[in-house]
Amino acid sequence: MRFVDEYRDAEKARALAAKIAALCEPGRHYKFMEVCGGHTHTIYKHGLEDYLPESISLVHGPGCPVCVIPMGRVDDAISLAEQPDVIMTSFGDMMRVPGGRGSFFDSSAAGTDIRMVYSPLDALKIARQNPDKHVIFMAIGMETTTPSTAMTVLRAAAEGIENFSIFCNHVMIVPAIKAILDSPDLRLDGFIGPGHVSTVIGCRPYEYIPAEYGKPIVTAGFEPLDILQSVYMLLQQLVEGRCEVENQYSRVVPWDGNTVALRAVSEVMELRPFFEWRGLGFISHSALQVREKYAAFDAERHFTLPGVRVADPKACQCGEVLKGVLKPWECKVFGTACTPEMPIGTCMVSSEGACAAYYNFGRFSRQRVREVSIEASRA
Amino acid sequence: MTHQDTAQQRAGGAEAAVAEHNAGYPAHAAAGTEHSSREQLVLERIERARRARPRVREKLITLAHGAGGKATQSLIEAIFLDAFRNPLLEPLEDAATVTAGDARLAFTTDSYVVSPLFFPGGNIGDLAVNGTVNDLAVSGARPAHLSAGFILEEGFPVEDLRRIVASMAAAAAAAGVSIVTGDTKVVQRGKGDGCYINTAGVGLITDGLTLGVATARPGDAVIVSGPVGDHGITIMLARGELDIEADLVSDTASVHELVRGLLDAVGPHVRAMRDATRGGVATILNEVATAAGVAVVVAEEAVPVRAEVRGACELLGIDPLYVACEGRIVVIVDPGAADAAVAALQAHPLGAGAAVVGHVAEDPPGLVLLKTGFGGTRIIDLLVGDPLPRIC
Numbered sequence: 001m002r003f004v005d006e007y008r009d010a011e012k013a014r015a016l017a018a019k020i021a022a023l024c025e026p027g028r029h030y031k032f033m034e035v036c037g038g039h040t041h042t043i044y045k046h047g048l049e050d051y052l053p054e055s056i057s058l059v060h061g062p063g064c065p066v067c068v069i070p071m072g073r074v075d076d077a078i079s080l081a082e083q084p085d086v087i088m089t090s091f092g093d094m095m096r097v098p099g100g101r102g103s104f105f106d107s108s109a110a111g112t113d114i115r116m117v118y119s120p121l122d123a124l125k126i127a128r129q130n131p132d133k134h135v136i137f138m139a140i141g142m143e144t145t146t147p148s149t150a151m152t153v154l155r156a157a158a159e160g161i162e163n164f165s166i167f168c169n170h171v172m173i174v175p176a177i178k179a180i181l182d183s184p185d186l187r188l189d190g191f192i193g194p195g196h197v198s199t200v201i202g203c204r205p206y207e208y209i210p211a212e213y214g215k216p217i218v219t220a221g222f223e224p225l226d227i228l229q230s231v232y233m234l235l236q237q238l239v240e241g242r243c244e245v246e247n248q249y250s251r252v253v254p255w256d257g258n259t260v261a262l263r264a265v266s267e268v269m270e271l272r273p274f275f276e277w278r279g280l281g282f283i284s285h286s287a288l289q290v291r292e293k294y295a296a297f298d299a300e301r302h303f304t305l306p307g308v309r310v311a312d313p314k315a316c317q318c319g320e321v322l323k324g325v326l327k328p329w330e331c332k333v334f335g336t337a338c339t340p341e342m343p344i345g346t347c348m349v350s351s352e353g354a355c356a357a358y359y360n361f362g363r364f365s366r367q368r369v370r371e372v373s374i375e376a377s378r379a
Numbered sequence: 001m002t003h004q005d006t007a008q009q010r011a012g013g014a015e016a017a018v019a020e021h022n023a024g025y026p027a028h029a030a031a032g033t034e035h036s037s038r039e040q041l042v043l044e045r046i047e048r049a050r051r052a053r054p055r056v057r058e059k060l061i062t063l064a065h066g067a068g069g070k071a072t073q074s075l076i077e078a079i080f081l082d083a084f085r086n087p088l089l090e091p092l093e094d095a096a097t098v099t100a101g102d103a104r105l106a107f108t109t110d111s112y113v114v115s116p117l118f119f120p121g122g123n124i125g126d127l128a129v130n131g132t133v134n135d136l137a138v139s140g141a142r143p144a145h146l147s148a149g150f151i152l153e154e155g156f157p158v159e160d161l162r163r164i165v166a167s168m169a170a171a172a173a174a175a176g177v178s179i180v181t182g183d184t185k186v187v188q189r190g191k192g193d194g195c196y197i198n199t200a201g202v203g204l205i206t207d208g209l210t211l212g213v214a215t216a217r218p219g220d221a222v223i224v225s226g227p228v229g230d231h232g233i234t235i236m237l238a239r240g241e242l243d244i245e246a247d248l249v250s251d252t253a254s255v256h257e258l259v260r261g262l263l264d265a266v267g268p269h270v271r272a273m274r275d276a277t278r279g280g281v282a283t284i285l286n287e288v289a290t291a292a293g294v295a296v297v298v299a300e301e302a303v304p305v306r307a308e309v310r311g312a313c314e315l316l317g318i319d320p321l322y323v324a325c326e327g328r329i330v331v332i333v334d335p336g337a338a339d340a341a342v343a344a345l346q347a348h349p350l351g352a353g354a355a356v357v358g359h360v361a362e363d364p365p366g367l368v369l370l371k372t373g374f375g376g377t378r379i380i381d382l383l384v385g386d387p388l389p390r391i392c
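If you read the protein sequences in the order shown, they are chains V and G.
Heads up, the first sequence is in the numbering used here, so the first residue is 1 and it goes up one at a time.
Heads up, the second sequence is in the numbering used here, so the first residue is 1 and it goes up one at a time.
Incorrect hints may appear among the rest.
To be verified - Partial list, computed: chain V residues near chain G (C-beta under 7 angstroms):
#1 3
#2 13
#3 16
#4 24
#5 27
#6 29
#7 50
#8 258
#9 259
#10 262
#11 340
#12 341
#13 365
Just so you know, these hints were derived from the structure itself, not from any lab.
Beta carbons: idealized from backbone N, C-alpha and C, even for Gly.
Sequences are here, hints too, so could you generate the full structure?
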């Protein structure tokens, strides 16, 4: 398939892997964080770690939009769904995320009307088709999905639709990366930067990372060769003593981002003073809310929310996993009490969550499988 | 249900797991403990947890319980098998093998609730006949007689019912089976989705074959009979929620002739056959790995997938290996007979795309490994429920 297969070419991967191995300084260990959950998913789905030398570890970052939604916000969303004559709409990823009172799936089984949609425009369509109901869109995601929410609000306003609102949980990746850089727990050698987010915001917002923190960052695409090439580019910077923002995903990411999308977002939304990220705590100026001008489309203004902050279960170590301090399997409940069928933490829910990716794709001993295949090739 | 209960149960389970985690690490603090051996300990603990008796911890049925994945499996084992347990049911094959006098019969049942009722390539009627015929065929039986039970919703157009029934008659004729008994119920408007159908079927097992996924052994070849995922993607597109258009039709068909050709050619070398429906090929391979205590190793590049299906799956972020088929079978066969088996399948139009996609291995038992087209390795696990599209 065009635009897919060329980025999954095993021969090119082998060539690139050899160049990566050649760049690694003997005895040195490298830690790169892939910021995006989409990258984590690709790494595990394609078995990319098989190509990396043991001296390179990839650390999974906070860029999984579903994983960072705190439990209290899920409860708020469920209480919205429980209001009379409300249809709640949500992306599929969100359906299994547990709050303090269960997930959307649990709530739907208990009788609320929660529907999965593929785009906020689908939610608007449901609003048009159900004039006697109020349709709420559970708006989540980072800068990648924010413009589509903003455009939907603009369209609803233009059409004069009165039975539609959004429950805005949009967050921004740059403050989260900054929080990680400020955290004393972690020593990183560089970042594999978020690709889809950058299609919207461009690469400029990352310039503080090399400038103030002395870490290189390469904005990367989501096919396995993209990620491998980004690792190579990061190593090259380290070898050559450079430290800058580079754009590996130039086929999609313009350096200055998508100005039309950014304009739509700033028309509809404004910064929240602070917002709670699951596992990372409150981060100031890290999320968006609906502007007063579009108050008619803001579920938070339409309805009274419980707004109760729910502490994560004590055993849950999602915060450490999201910050890259722990590998998924190092969490105490990983795979036993916390599984995809009964998740405790959000990282086990979304297919982009590091724990779910590791559990679903990587739950085997690479060492053992390598030994087995060597034996088989001898036999 | 009080949601608090669930949260408390989870928290309780979590504390137990933490205690076990700590107990499992006698050398946790010891300097020099190998990273990889610690990971190995965790993996072993997870495998133990997975082998534990399945439990249904939910208080209410959710859609995941019907999706054919892990939640379905837990429901079947913890609720149904627990109550009905007997040696004929226990293998949980597509059909049970029962005896009547000297005759060995395969006996199966299946209910059909597809939405929409009519879709490119077929309708609920074809599915209801073909699905049950296929369950009999892959059990090594010659399908003979079917029952048909209808649950109709008040207000359902009679004309639609006529079309469905005509399709059933045609599918039954094509499969050489007769529908010999039936039942009709009508429920109030709003209590059903137009038309649900249940079919049961019996067939005669004449070859003296004993098939079963538990008989797979290391070295065996794994074959699929054609491109996977056509039915599931066709249905998703026919629901019109995705605004994607493709020239795809459901693969719904009776595989009894295909199976007959295969058994005539290499019957004694066939260990197991399965009809890949809900949960797709991935679910079947997991059943093989679990039931036989073996590993199944699949080469991604060898799995036949139509470009349209692959494209839709890429867009939605789902894996074609989990997408439902309705006329595809998975065959586990002795390695010496693999080429002959593929040739026998390819001799039938339904098996034109048949291919060896992998093999059975000894280690690691219970896991399905995929050699990715990119050249890496990952596992293919059972899904919890339906594959959910990713947001970005």
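Hints breached by this structure: Violated hints: 1, 3, 4, 5, 6, 8, 9 and 10; rest satisfied.
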